[in-house]
Amino acid sequence: MGKVLMKGNEAVAEAGIRCGCRHYFGYPITPQNEISAYMAKNMPKVGGLCLQAESEIAAINMVLGAAASGVRAMTSSSSPGISLKSEGLSYIAGCDLPCLVVNVQRGGPGLGGIQAAQSDYYQATKAMGHGDLRLLVYSPSTIQEIVTLTSKSFDTSEKYRVPAMILTDGVIGQMMEAVDFDEMVISTPADKSWASCGHGDQRKKNIINSLYIEPEKLEAVVVARFKRYAEIEKNEVMFEEYMTDDAELIIVSYGITARICKSAVNLARKQNVKVGLFRPISLWPYPSDALLNLAKKDITKHFLVSELNMGQMVDDVKVSTHCLKPVSFYGRTGGMLPAPEEILAEIKKILGGKA
Amino acid sequence: MTKSILIAGTGGQGIQFAGKQLAGTGLAFDKYVSYIPSYGPEARGGTSNCRVIISDEEIGSPVFNKPDILMVFNLESFEKYEPMLRAGGILFSDSSLVNKISWRDDLNGTYYIPASGLASDNGLTGMANVIMLAKMLAVTKIFGRDEFLDHMLESIPKSRAAMIDLNRRAFNIGYSYK
Amino acid sequence: MGQIVFDRPKALSDVQLTYCPGCTHGIVHRLIAQVIDELEIEGRTVGIAPVGCSVFAYNFFDCDMIQAPHGRAPAVATGVKRAHPNNVLFTYQGDGDLAAIGTAETVHVGARGENITTIFINNAIYGMTGGQMAPTTLYKQVTMTTPYGREKNIQGSPIKVCEMLATLDGTAYAERVAVDCVKNVNATKKAIKKAFQIQMAGKGYSIVEVLSACPTEWGKSPVEALEWIRTDMMPFYPLGIYKDVTEG
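Residue numbers (the numbering used here), protein chains in the order written: chain A, 1 to 355; chain B, 356 to 533; chain C, 534 to 781.
Just chain A, with the same shape it has in the complex (with noise of 0.2 angstroms):
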């Protein structure tokens, strides 16, 4: 096939396609319909199913549904349909059941605004929904990645049985540029013999649930996730740096926002200005080893957040480089975004005389 110019939401489906994702539920909001229409347009060709659901709420409960039926299912969103999704996700992390969430976010809270944002941040890795539960969190910062995280959230979800998650944003969904699908690994659907779709006489029935109603028996299976949870942490964290080995400011950003702070990076060492970036792929698990490898640097002297929203992953930075570096944020919302422009007169004013 070779590169082709696709829009990010083409792409994520016609990556989900290739997958082997058969089951797509959906429900329209901008800016992700690209999705619905891709998958609307394509499934059938391959004996695929993209139906419209009537809610958010629906469309998450039928992925419930044909997940737990042990298929590929996947659907999609922004922003204030995710927070419709919040419930059922809730539960197919009860029911330990992979599946796979595209967020293309959009400004909030509220109905907020359409352009581009990651002010969904917080809930993608901290609250998606109500209980002690996780899901994988990738953010890809170019239309190839959102290719090459779709097989990746496939196969991560299923191996520890957790859904994922690909949260990407408005301008990344909208944007076309190159890709290439031959490039992409095409990952094998693991063993599903805990699925519920008829016993066939054949075995023990099988039961998908997330309700236990004695308190010892859901402590232990919630710890029992948790350790599973642990292995995630220990192998499945992705990250980019860039620029990092010598430098003296790390940015610290992700997605659509990694790729403007990319290009500050750029103008700042034209101007010998030693800055680097590192960019989380994985915001769940967090690459908190590797930025605490970087805060323990001599040469490090600070941290530069930056991300569409009011300073969402600053606390996760924190935290992870044990405060022993400054860490600074600069950062647009409601749709805005910044101009590397923008970012290097920041990193100017942190660096000081120094620049």
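The hints are simulated quantities; they were obtained by calculation from the structure and are not laboratory data. Note that the Cβ used here is the ideal one computed from N, Cα and C, for glycine as well. Where hints are given, some of them may not hold.
What the hints assert, rightly or not - Some chain A residues close to chain B (C-beta under 7 angstroms, calculated; not the full set): (1) Met176; (2) Lys262; (3) Ser263.
What the hints assert, rightly or not - Far from chain B by the CB rule (all over 10 angstroms, computed), these chain A residues: (4) Asp132; (5) Met184; (6) Arg228.
As the list claims (entries may be wrong) - Straight-line C-alpha distance at most 25 angstroms; calculated SDA-like pairs for lysine to any residue: (7) Lys41(A) to His641(C); (8) Lys3(A) to Lys435(B); (9) Lys726(C) to Gly559(C); (10) Lys375(B) to His199(A); (11) Lys693(C) to Ser55(A); (12) Lys204(A) to Asp540(C); (13) Lys375(B) to Gly2(A); (14) Lys41(A) to Arg22(A); (15) Lys435(B) to Met336(A); (16) Lys435(B) to Thr333(A); (17) Lys41(A) to Tyr387(B); (18) Lys727(C) to His199(A).
We have chain A already, so just place chains B and C on it with the hints.
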């Protein structure tokens, strides 16, 4: 080389087509490219715009507010975006629809092409976008004449083969317009 | 040598039910299990348990089971059925689950004509949470949250689910039955079997609404509760078939 191009006008004028043609040609010639349209309610009610970057280097943000090249197809877009052109930038305006000129003295060129008039005079109604694209390429040389034209004509689906000749004619009118 | 004349249906698990004395959930569970046995479909049946008193239904049937969020059983069933069209799906839902929090899912599973079967337990009250008003609570009925009786101008009117769903093209079968006496229990089993058969024939959505007793929350003895189904519920919720695409 990095060029940022903002194309703005009214829905139905082929704004997105023009942007995708530029990005597609860039991809075909191994450039880094990005394209992002206006979307949602912003894209309803008439206005339509898109931003394209063509570069030899990896692209940071696909969104920019100071374009190197601005192509406008209505007065509203002229008034909104002309002040945002980067110093040293180049303006292309469809003067059949925009009855204003730029008074900025820091631009590297201002071109007023009666593209919509030329299109309708030549039986090419609706193809002012291609006339404007051609003129822009003749001035900026972002792509060679044939590089772009061949790619654009190839991208037209067989079911609309009649459009190939029309696009070629529109392109030639724009490219040779003085 | 004795002869076994009455036994636990195979599709009913050998566990103790968790329902109150006089509750009719147990009767309906048994009828569903009997139908599954008679149709010989246990191996391909997947049941969806609701939230409410019957939340533990996943423990009571021997087929594969999935526990759904409150009101979402039809959406969960849709997900399973679309992935496995040969499975037989049933949702087991109470009145709060089906006609309050899950109304959208209920209407749209019918609108889509999903080939699934819903067994709808209408006892006009929330049991699990302690006797609050249900969407099917009758006018003047006293509950924990209608201590002066349900008033139309305050709490609105009860929803007649079968009548409402019968208006949808995708609904193939809608029948209201009751489990207040032997005759009606037998009729209920017949309706459940027909609903499953209609699903298996791919004709669309089927629902059996069962007028049921909740002696605990109604504050009545089991016998009084059965009587109340006849005297108070049936006049407002007439028994009968509201839609049957296999008829004329």
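Comparing the hints with the structure gives:
1. Met176: holds (4 angstroms)
2. Lys262: Holds, because the Cβ-Cβ distance from Lys262(A) to chain B comes to roughly 6 angstroms (cut-off 7 angstroms).
3. Ser263: Holds - the Cβ of Ser263(A) comes within 7 angstroms of chain B, reaching about 3 angstroms at its closest.
4. Asp132: Check passes; 36 angstroms lies beyond 10 angstroms.
5. Met184: holds (18 angstroms)
6. Arg228: For Arg228(A), whose nearest Cβ neighbour in chain B is about 37 angstroms away, the distance exceeds 10 angstroms, so it holds.
7. Lys41(A) to His641(C): Judged against 25 angstroms, a Cα distance of about 22 angstroms means the pair holds.
8. Lys3(A) to Lys435(B): Violated, at about 35 angstroms.
9. Lys726(C) to Gly559(C): Given that 25 angstroms is the threshold and the Cα spacing comes to 17 angstroms, the pair holds.
10. Lys375(B) to His199(A): violated (52 angstroms)
11. Lys693(C) to Ser55(A): holds (23 angstroms)
12. Lys204(A) to Asp540(C): Holds, at roughly 21 angstroms.
13. Lys375(B) to Gly2(A): OK: Lys375(B) and Gly2(A) at ~18 angstroms, within 25 angstroms.
14. Lys41(A) to Arg22(A): The given pair, whose Cα atoms are some 13 angstroms apart, holds under the 25 angstroms limit.
15. Lys435(B) to Met336(A): Roughly 17 angstroms between the alpha carbons, so the hint for Lys435(B) and Met336(A) holds.
16. Lys435(B) to Thr333(A): With Cα atoms ~22 angstroms apart, Lys435(B) and Thr333(A) stay inside 25 angstroms; holds.
17. Lys41(A) to Tyr387(B): At roughly 28 angstroms apart (the allowed maximum being 25 angstroms), Tyr387(B) and Lys41(A) break the hint.
18. Lys727(C) to His199(A): Satisfied, since the Cα-Cα distance of roughly 23 angstroms is no more than 25 angstroms.
The structure fails hints 8, 10 and 17 (numbered hints given earlier, in ascending order).
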